[in-house]
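Chemist: Sequence:
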Amino acid sequence: MRPFTFILMLVLSCNGSPGNNLPTYDSAQSPKKDTPITEVPGQVKDTTGLGGLWFLQPVLPSDTVTGKIPRLDFNLAKKRFSGNTGCNSMSGAFDFTDSTLQFNQRIITTKMNCVGYNEREFIENLLRTNSYRLQNGILILMFNQTELSHWTRKVAPRPVINKA
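For what it's worth, full-length UniProt numbering labels the leading residue of the sequence shown as 1, then goes sequentially.
Calculated from the structure, these hints are not laboratory results.
Certain hints may be false.
For lysine-lysine, the following DSSO-like pairs were computed, each having C-alpha atoms within a straight-line distance of at most 30 angstroms [as the list claims (entries may be wrong)]:
(1) Lys78 with Lys68
(2) Lys68 with Lys111
(3) Lys68 with Lys154
(4) Lys154 with Lys78
(5) Lys79 with Lys111
(6) Lys111 with Lys154
(7) Lys68 with Lys79
(8) Lys154 with Lys79
(9) Lys111 with Lys78
Based on the provided sequences and hints, a complete structural model is requested.
Modeler: This is the structure in structure tokens:
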């Protein structure tokens, strides 16, 4: 049985590309990370797609009470995300189309306690999400037609609290 395995491996390795067995990629270029779409040389990378890193645009002072800005990093090829709730690190799976987005119920988080931050509500909003819209470089997570949160590629300033 072993000679058969060896011959099979030899045949499979020889049936690759004709000519040489040199790599067909440029190792000096960083591999594409979060998009299943093939990149065209010389074309500008799409920064308005769902894939990649997004930061919450805080609306209330409580959104950033811990000093951390919540973030989501979407890996479209693996349908996995990671990020931070504003308190704890999180990761999980999601499904998407060109307009729908749904997070898997099994979001994994670390267990730090952050006083004054309602992490449970943050996670529930993610789980409510069933669609999204990209508008002027802003990712808007939605439940039907109701906007739940806005996300941007750059860290937005924290809301100012007027102490009069």
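Chemist: For each hint given before, does the structure comply? Return the numbers of the non-compliant ones in rising order.
Modeler: none
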